[in-house]
Each structure stands twice: as C-alpha cells, then as structure tokens.
Amino acid sequence: MVTGGAVGRVEVLECRILEKQNVRSRTPATMPESLTDLPPNILSEILSRLPIKSLFVCSPKENLYKVLRIFATVSDKPSQDGFKMEYWAQVHVVGSSSWRDIEDRPLSEYLSWDKWSVFLNGTVCWLCKYPETSKFVVFFDFHEEKFGEIPPPLDFGLQQQMNKHGMSVGVLGGYLCFSDDTRDFDIWVMKKFGSQDSWTKEFVVDTSIHMDKPLEGPFRPLQILGDGKILMIWADRVLVTYDPKTKGFGYLEFDGVESLGKVVLYTPSFVPLKDALMVDNLTVQNMTSRENQDLIED
Amino acid sequence: MVTTDEKGPLTAKKKSVIIRSCDGDEFLVSESAAVLSTSLKKILEEKEDRLIHLSDIDNKTLAMVIAYLSTHADDGLSDDLKRSFDQEFVSGKEFDVLKYLVLATDTLQVTCLCYTVAKKMADIMKNKLVEWVRREFDIQNDYTPEAEAEIRRLDAWAWDDRQLEDD
Numbered sequence: 067m068v069t070g071g072a073v074g075r076v077e078v079l080e081c082r083i084l085e086k087q088n089v090r091s092r093t094p095a096t097m098p099e100s101l102t103d104l105p106p107n108i109l110s111e112i113l114s115r116l117p118i119k120s121l122f123v124c125s126p127k128e129n130l131y132k133v134l135r136i137f138a139t140v141s142d143k144p145s146q147d148g149f150k151m152e153y154w155a156q157v158h159v160v161g162s163s164s165w166r167d168i169e170d171r172p173l174s175e176y177l178s179w180d181k182w183s184v185f186l187n188g189t190v191c192w193l194c195k196y197p198e199t200s201k202f203v204v205f206f207d208f209h210e211e212k213f214g215e216i217p218p219p220l221d222f223g224l225q226q227q228m229n230k231h232g233m234s235v236g237v238l239g240g241y242l243c244f245s246d247d248t249r250d251f252d253i254w255v256m257k258k259f260g261s262q263d264s265w266t267k268e269f270v271v272d273t274s275i276h277m278d279k280p281l282e283g284p285f286r287p288l289q290i291l292g293d294g295k296i297l298m299i300w301a302d303r304v305l306v307t308y309d310p311k312t313k314g315f316g317y318l319e320f321d322g323v324e325s326l327g328k329v330v331l332y333t334p335s336f337v338p339l340k341d342a343l344m345v346d347n348l349t350v351q352n353m354t355s356r357e358n359q360d361l362i363e364d
Numbered sequence: 030m031v032t033t034d035e036k037g038p039l040t041a042k043k044k045s046v047i048i049r050s051c052d053g054d055e056f057l058v059s060e061s062a063a064v065l066s067t068s069l070k071k072i073l074e075e076k077e078d079r080l081i082h083l084s085d086i087d088n089k090t091l092a093m094v095i096a097y098l099s100t101h102a103d104d105g106l107s108d109d110l111k112r113s114f115d116q117e118f119v120s121g122k123e124f125d126v127l128k129y130l131v132l133a134t135d136t137l138q139v140t141c142l143c144y145t146v147a148k149k150m151a152d153i154m155k156n157k158l159v160e161w162v163r164r165e166f167d168i169q170n171d172y173t174p175e176a177e178a179e180i181r182r183l184d185a186w187a188w189d190d191r192q193l194e195d196d
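These protein sequence lines are chains A and B, in that order.
For what it's worth, this note's numbering labels the leading residue of the first sequence as 67, then goes sequentially.
For what it's worth, this note's numbering labels the leading residue of the second sequence as 30, then goes sequentially.
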C-alpha cells in the first residue's frame, strides 16, 4: 500500500483487514473510463488547480491598449480549507513585446471575472462572490495600474452580503450599478464612482406579477433605453425590458439563440463592426425580434 | 477530534466501526478517524449498527482512504508530519488510482483529501501538451480540425510563453 514512516505506523495501529469474503478485484460498475466521465464537481476541482490565466483588454485615457492578466499559483501548504492560492497580476501594453509585473496584488480570489466584469472609466469592475464577504466590488484601474475596492451601500446587511451570488454588476446611464434580489429586486446605482455615500436605490423592480409566481434568477442590467425602459438579461437566457412606469416586462427572443452567456453592448459608429474588429471569417447578423408583451401584460 | 457524543470522549475515542468495501473486505477503523469523513459521520449519527457497507468503493481504494483518515485522526502527529504524509500519500500514484481515490473522497466527503488528490491530478496535467492529456486520459477530441486551429490562433498568447512537455 502506501509507504512512508507515518503511514506504516498508523496502518499497523488501526486499519486491519478483518476478513475476506468475496472475489477479489471486483471494481464497482460506476467507475469512469475517461477523465471526462468524472462528476463535474470533481472535474472542476481538478481543473481549478491548474495555473489560471485570465485577461482583459482596456483602452484608458493615454490611448494605450493594455492587457491585464491574473495568475494563481498554489503554494504547497494544504490546510483544513484546502490549498492556499497566491494571486499575481501582470500588464502587457499592446505593441510591446513583454509582460510586466505590477506591484499591486489582486484583492480577492472570488472575482466573477469570466463573463460579467464591466468596464467603466478606464477600470474593470468585478463583484466579489460568496464566500468572500469582506469585500464587495473590486476594480482594477488601468491608468494607475492598481486594484481597488468599492464598499456596498451603508445599510447593507449580512443577509445581502451572503446573497451576492444572486447579484450582478452592470453600467446604467454611465454609472456603476448592481442588481440585488435578496428581498425584492432592487437596482442600486453609484452616482459618484468610489463614493460609498452615493449608492442610491434607483429602481425597485416588481417581479411579482408574473403568473402568480415572482420571476426568479439573476437579472443583469445592461442599459437604460431611450424610453426609460431597462434592458436586462434574465437567467442568462432571455433579453428582457422592464418599464418602471407600467411595471411591465417585455421579452426579446432571438430565433436560434439559446444562451446569452456573453453579451456586450454595441456602440454605434461610422466604422462597420466588421472593419473595426479586423478578424477573418466574422459573421455579422442583424436580427430583428418580435417583442412579446402578452406573456406579462394581460 | 471530538465526536458529537460529548458525554464520554474517552470511551468514544476507543470505539471502532467496521467498514466494508464493495468487494467484501472489512476494515476496523477507530470512530475518531471515521468521523473525519462527513458521510460516515452522518451514518454513525443515525444508526446504531457499527458495520457500514460501501457499495461503490473497492478494497484498495478504501484501504488508502482509511490510512489517510487514521493518520489525520492521530493527535500524536504534528501538523508538519501530516502534511508530509499528504505529499507522500499521492506521490507516485498512477492516474487511475487517483481517479478512484478522488471519487471515493467525493462519496465519503473527505474534503481535505479530495483537494490533495485533485491538486496531484492537476500537477500531472500541468504544462503538458494537449495531445498528451488527450492520449493519457482517453479524452475524445470533439473539435473539427478547423475549429481547433481557430482556437489555437485566438489563444496564441496562452501557448507562447512556456515550454510544454510531452513525456
């Protein structure tokens, strides 16, 4: 079995085979053949221990395009809570030939950095997810090359801190905002970036009128439309509009699009999207959708 | 490790349970070691019977898990010793063995060992060529050649700054 001083000792002491009954080496029927047959939770446990690389691109004031990448290395000290991870960051200026270490370290490992970070004023902002309760929103300033944090609204309770997995950051009307569905569904807006006092509960969304059952599941605010309606993604699947005046929801569905895992707002420009992106084999499809109001408003 | 039975920690410590693997081998384990597994702890809280049958863990894997639990339940060992035990425990093990082990830790809910094994499995894969990982772990390549070439082109930055191994 296992070698090594400590093991040998314990083996003799406590784990003794009492009796043998059945035929040997009968393996259970459920054993996976391939690595990919492992249950998803175990697979992600393994894959999350590979070195992480992630990156963002941003164009701050000085007209430089910078890329940020964050590394995690596992330091070799397992404890009761698992392994201690150390986080590092590097910046690459597009056009240069190397990555440069930056002094600042990422403030938290629980960043929802994959899909739903937002760009605002030359920063990229993430929401710190549960179990990180000591921090709320964390940002990286591409000009200063520093990480910073934004505290939650002053009257934010523990219950809301625990419910952060249901929240989502966005940018509405040029301001940082987040959606909070702890009790009701509120959208908070930060009127002055970085100032905790300026958090304002700007919208209270009424989700209760949907077929006697409130709409559940994360709403991700995207934009305020010209007529005052709020454009959001609901449950990563449907684009919805909410009219604060009539409290009505509108659904915007695209034929053939099943998941809205990644959505970016398009800024109209004289340069066609195809030319701006400068990539080959790009397909641009202009879709028109039927606004389906009758699900909600009878 | 103190069990939930607060009345007699001394007698509780000496108590043992018998755990039976799916292929019928039985192991005598101290209760203090067994309760490090969240699943076993729950079973022990619920039933009087001191025999636990595990229908999906084979004897070799179970023996390893029990050796781990017993070591970690031993108050006489320092944390440093336990740590070096952990490293020794996974070193040199075949990937298949680790696979069974990680599944067992999931069933038995031994989080700490699950992390240790997952880390070891990640270490084996680290800095290996994609082809190596596919071959060794029997993963079907479900990309078309065009799609794969496109991904490699788009994520070129992920490949260029390190030496990948194929051993």
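If you are wondering where the hints come from, they were derived from the structure by calculation, not from laboratory data.
Treat the hints with care, since some could be wrong.
[Claimed, not checked] For each label pair, taking beta carbons as the anchor points, the in silico distance ranges come out as:
no., chain 1, residue 1, chain 2, residue 2, range
1, B, Ser-68, A, Glu-282, 41 to 47 Å
2, A, Leu-224, B, Asp-109, 33 to 39 Å
3, B, Leu-57, A, Gly-223, 45 to 51 Å
[Said to hold, decoys possible] Calculated cross-link-like contacts (lysine-lysine; reagent style BS3-like; alpha-carbon spacing at most 30 Å):
no., chain 1, residue 1, chain 2, residue 2
4, A, Lys-132, A, Lys-257
5, A, Lys-132, B, Lys-155
6, B, Lys-89, B, Lys-71
7, A, Lys-267, A, Lys-212
8, A, Lys-295, A, Lys-212
9, B, Lys-89, A, Lys-132
10, A, Lys-212, A, Lys-258
11, B, Lys-71, B, Lys-111
12, A, Lys-195, B, Lys-155
Built from N, CA and C at the ideal position, the CB exists for glycine as well.
key: Violated constraints from the hint list, given by number and in increasing order   = Violated: hints 1, 8, 9.
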